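Spelled out from the first residue to the last, the chains are:
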Amino acid sequence: MGAMILKELKLGRRSLLVWLIITFVTATFGALEYEMVSSNVELVEQGINAMPRIVRVMFGIDGVGLTTALDYYLVMYFWYALIAYAHAVSVGASLLSKEERDKTAEYLYTKPYPRSAIINAKLVVGIINVAAMALLIWLTSAVILMPLTDGRGIMPEIAITTVGLFLTQLLFLTLGFLCSALVQNPRKAVSAGFFLLLATYLIAVAIEYLGTVDYLSFLTPFHYFNALVVVEQGISPLLLVLSAVLAVLSLLFTHRLYKTRDLLV
Amino acid sequence: MNAIETAGLAKYYGKNRGVIDIDLQVKEGEIFGFIGPNGAGKTTTIRLLLGLIRPTSGEARLFGQPVPAGGGKLYAKIGYVPSEVTYYPEMTGLDLLNYANGFYELESGHWVEELTERLQFDPEKNVRTYSHGNLKKLCIIQALMHQPQLVILDEPGSGLDPLIRKELFDILEELNQKGVTIFFSTHVLEEIERTCHRVAMIKDGRLLQVGPVDKLPGRDMHIVVMKIAGSQPSKVELARIGEAEEIPAKPEYYRILSRQPVNMLVTNLSQYKLDYLRISDPTLEEIFMELYEPAVKRGQNSYV
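Protein chains in written order, with the working numbering: chain A, 1 to 265; chain B, 1 to 304.
Hints may be right or wrong, so weigh each one.
What the hints assert, rightly or not - Cross-link-like lysine-lysine pairs, in silico, DSSO-like; alpha carbons within 27 angstroms at most:
1. B:LYS15 / A:LYS259
2. B:LYS125 / A:LYS103
3. B:LYS215 / A:LYS103
4. B:LYS125 / A:LYS188
5. B:LYS235 / A:LYS7
The set of hints was computed from the structure by calculation and includes no laboratory data.
All figures in this text were calculated on a predicted structure; none of them were measured in a lab.
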């Protein structure tokens, strides 16, 4: 199992690097713009308020101020989350399906390892991948925003929202695994994952646009650990349990479906 | 005990036929050939035996155990060489062998070294740079490295040059002498005749015949290709020798499928003034055509 994990990490290192660079560049540009935004808060807020509300909701800037570094972090968090979730779902959907897509399934699945052990090894690889993304987001946010906070520490807020981000990444990772088990065509598994991500994002937008419908939060992982809510109220135990249950169910179904499915070889 | 046993094994893809009612028993220690034309169901049967796909009905057993859903330890007894080989890019042959080694936790590398040497394989290169033949060699080494009790090979000779192919079959025969069961599919009769104890013929997803190689249907057939100079024989005349047809692209050339004993055949042919003569064994396709295709399907050029 150790050899498989190492091999997967080695084969996936370039792809991970690309995702890390995208995240880092986004964070850096965000930080560079903070200087400009913080000196023209009123102007920027006027510009934002002039946008239709649906656009503000879609870009995660509805009802968010820009006066403090924390406000700004929460705006940037929206973008980090989008990238991190897209990465998580794509890693989850491709780790299993790529064996069939790349025609290596005949090699791997005729080794004396049950498919369940292979799934578990790939899950470990997926967790390491999403953890690397979460770590980079946490580090860049902390390092970049530290000099901009004028002495007011926002490290606890960054830490707890990153925990929320990581938990959501894990959920999307397992949903990605489920996609690869549900979609027979390995080339379509990642597309299915992205479709799921888009659908949950649109649900999140709809819920937010409709206003105070907190009880609908369970419908989309985007709202399970919403950064604004997490900063104000902490992580909701109910939604924590819900995301854990969904992740476990996704994995159980993945195991069950993969055990008996015909491999495309 | 049977190394391989199937009962009523069937696989459908929707309404499309994969294989139907495959009943096979391959004894431990046998070299068993599985022959049939392309698309007959050889690869589907092999994938069912390996659990890569699940049967629609029926059952397959290896060494008395049902082929497990979801894989497992049973595969430690099996080495598999697929017909088309694809490996992970960015790995060298050696990386891949080490990786495969990790699945079996082998202690000694002598056997792998011997295989590498005998198959003339250079493991230091990147997988991406290997030719089809070298990928096949790598696949054979990784399939045999753990000294399996059953080796399943799908078209093992394809992609290998004649010398390496001979070496491969030498290795397989040596393993068989040590008690290893060999099961391989092919559409090359020569490979079957050289090595197999028994053979199963499959066509259109169904087993047609299972038996010893020397009882293989069509072994009494000869394919005659000849050019007759001067006056050409009548259809009836040639029909005495066998099933004859003109070769459309070559005037005065005939192709005859004959079952006459060699002496009689040569005597009969000697009455013609021949510019060209070749007598050969039939190919697998020709045997299938002769034995299992309805006469009406055998083409428009039938001379008889």
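Here is how each hint holds up against the structure:
Distance check on the hinted pair: B:LYS15 and A:LYS259 sit about 23 angstroms apart at the alpha-carbon level, within 27 angstroms; holds. Proposed proximity of B:LYS125 and A:LYS103 is supported: the alpha carbons are some 20 angstroms apart, at most 27 angstroms. For a cut-off of 27 angstroms, the pair hint linking B:LYS215 to A:LYS103 is broken: about 38 angstroms separates their Cα positions. The hinted pair formed by B:LYS125 and A:LYS188 fails the criterion: a straight-line CA distance of about 32 angstroms is larger than 27 angstroms.
Among the hinted pairs, B:LYS235 with A:LYS7 is inconsistent with the structure: their alpha-carbon atoms are about 67 angstroms apart, more than 27 angstroms.
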